[in-house]
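Got chain A sorted already, so can you dock chains B and C onto it with the hints?
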Amino acid sequence: MIIAEGKPIKEILAMIEGYDKIIVAGCKGCVTVCSAGGEKEVGILASALRLARQTRGKALETKEITLERQCDTEYLEPLREIADHYPVVISLACGAGIQFLAEKFRKVPILPGVNTQFIGVTEEQGVWTERCQACGNCVLDRTGGICPVARCSKSLFNGPCGGSKSGKCEVDSQVDCGWQLIYDRMKELGQLDKLEEPMPIKDWSTSRDGGPRKRVREDLKI
Amino acid sequence: MKSGSRLEKLLAGGHFVVTGELGPPKGADVAVVEKKANLLKGNVDSINVTDNQTAIVRMSSIAVSALLIRMGLEPNMQMVCRDRNRIAMQSDIFGAYALGIRNILCLSGDHQKFGNHPTAKNVFDLDSIQLIQTVKKMRDEHKVLGGDEIEGAPQMFIGAAANPFADPFEYRVIRLGKKATAGVDFIQTQCIYDMDKFERFMKMVRDRGLHEKVFILAGVTPLKSVGMAKYMKEKVAGMEVPDEIIERMRKAGKEKAREEGLSICVEQIQRLRQVPGVHGIHLMAIEWEDAVHGIVERAGLLPRPEIL
Amino acid sequence: MEDFEPIVIAFCCHYCAYTAADLAGTMRLQYPSNVRIIRLPCTGKVDVRHLLEAFEKGADGVYVAGCMEGDCHFLKGNFRAKKRVAWAKKILEEVGIGGDRLEMYNMSAAMGPRFAEVAREMTEKIRKLGPNPAKKAERKAPSAEGKEIGKERHAQGVT
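Residue numbers (this note's numbering), protein chains in the order written: chain A, 1 to 222; chain B, 1 to 308; chain C, 1 to 159.
Bound conformation, chain A alone (with noise of 0.2 Å):
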């Protein structure tokens, strides 16, 4: 799933700076899964700001509301009923999400309540880390279901580096070294035979690098 971070308070609080009504809008997806912006953050989000607002003697009206997600335009519907009477929204989804509710409510500013972070794992109840880069050309079949992109600090496709001490990286002792992950891997699965041919140059132009990405399924189109 994305996983997300709340913005820092302090953040937030000075982008709502000379408003008195705000929507905080949660998303039951992502967000919620990762706690970052589900109905709780939403609820303690609102809180916060309006104890804030408090302490300085001014008022802060908010309207909780949590969407079933942000990225689909038919769960915007619930937001449309209540968007004309609020000057801004603070979204807690996703990046994309955000956006969205950018492109769907024209006249309303939509704010980020979070940062966006990774598409990750929950490898533990409060922990989350990251495997995918979104790359649009996996390899996952030739490194033992290991991302050298995501999960190597520097993406090499030949690792590991001359950094990696004791299985873990160079960059942060407690983040482990992609390639001695996939290499303990390939060994468990009898396949090391496969890593002794240089892995070729990646085609940089399915990801980012190669500008905004559009998927499409014809025969899904209305």
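Hints may be right or wrong, so weigh each one.
[As the list claims (entries may be wrong)] Calculated lysine to aspartate or glutamate pairs in the EDC-like style (CA-CA distance at most 16 Å, straight line):
#, chain 1, residue 1, chain 2, residue 2
1, B, Lys113, A, Asp172
2, B, Lys224, B, Glu247
3, B, Lys35, B, Asp290
4, A, Lys165, B, Glu240
5, B, Lys178, A, Asp193
No lab work stands behind these hints, which were simulated from the structure alone.
Because the structure is a prediction, the values reported are computed rather than measured.
Structure of chains B and C alone, referenced to chain A:
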């Protein structure tokens, strides 16, 4: 002859070579380069020029390499994958060759987190092995990666680094083999203090016949103090320093530390000359360039051979 | 500070802290009436939202009292509460209420005197800190919500 460089000629002629290293200045001051180069002149066969090492911005390796050529010295231009994409790299390889540079080292590059611009974007369009393949394609097929013909193909002598001590140990030889497959001509290792482990590594290299495919130069760095020895052991990734060495440095005390460090270095060089498959040493006297002459002399490696 | 009587909310778990409060009562121990107890099955039920809301509704101080660590009737409820209290403290600090107005305490059911001690300790601490900054500022510019809170406090017999 692939490049006709001094380094290549000496290696092909069976000489035990000595390469040195020069770290460019953190600015545009040419005098610093000249000073360091003069300390190495006559003591080494060719000089590595680092490329924004540890991600600290320094004078570019291509510029410093060109300065060395002007001074009548031979550079080994290092190129890392961190800062340039394939377009810039191939362009710089053309430029380097045009400026007279003949030896190129293809490296991954330290992560920018270590340097003075940790917020920079990194590139890593290619990795070091893919860069080796690229230089080889340019040299032997006269083509750039995209397939276009080259007008004046750069005939480079291709080098790379190897770290016998990084993890996973068993994989290091396989990775060296990959570099050989990719087309590397010579390898410089990370500085060695654990001779036993290095000899084990070289045995694995010989078992795979790699010593006949690539020229391996063993890295050595003289220790200045017990603090430096400990720092290298604990803080530098992929470095192994045996306790005996640390003990020797500690026992030497402040007064005799440098002397002991130099002695250890000379002993290491003498031992390395005996290891089959080692074709030379890469002497990295970090911020101690004036020690190079003494080391090379004591190790019996002077004078450096004349090329006819 | 003019006669400021703090309102302190205590979220107490049924199995330990609330029972300790009961015991304090039967032992006829004195503790300030500023402390209003809210009974929960376990402190693990407390959510960050409740803690923030208590301050929104006019509390000057809040504490969560649960079983001794390792003795939670529901095994780990009090550990969860501890973490949530720490999280809420950070938020309260960031919004200007002050993280020191919120605390976590642990006690066993037999610790009547400890319950009374904590109640006194917390009340005094809050008295020194003064009224909840959200309320104090409101007195300068009363909003509809502020009037609501004012009415509530008056109903509770506090001026």
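Hints, one by one, checked against the model:
Taken as a hint, the Lys113(B) and Asp172(A) pair is honoured in the structure, with Cα atoms around 9 Å apart against an allowance of 16 Å. About 14 Å separates the Cα atoms of Lys224(B) and Glu247(B), which keeps this hinted pair within 16 Å; it holds. Taken as a hint, the Lys35(B) and Asp290(B) pair is honoured in the structure, with Cα atoms around 10 Å apart against an allowance of 16 Å. For the hint linking Lys165(A) to Glu240(B), the alpha-carbon distance of about 11 Å falls within 16 Å, and the restraint holds.
Among the hinted pairs, Lys178(B) with Asp193(A) is consistent with the structure: their alpha-carbon atoms are about 11 Å apart, no more than 16 Å.
The structure shown violates none of the earlier numbered hints.
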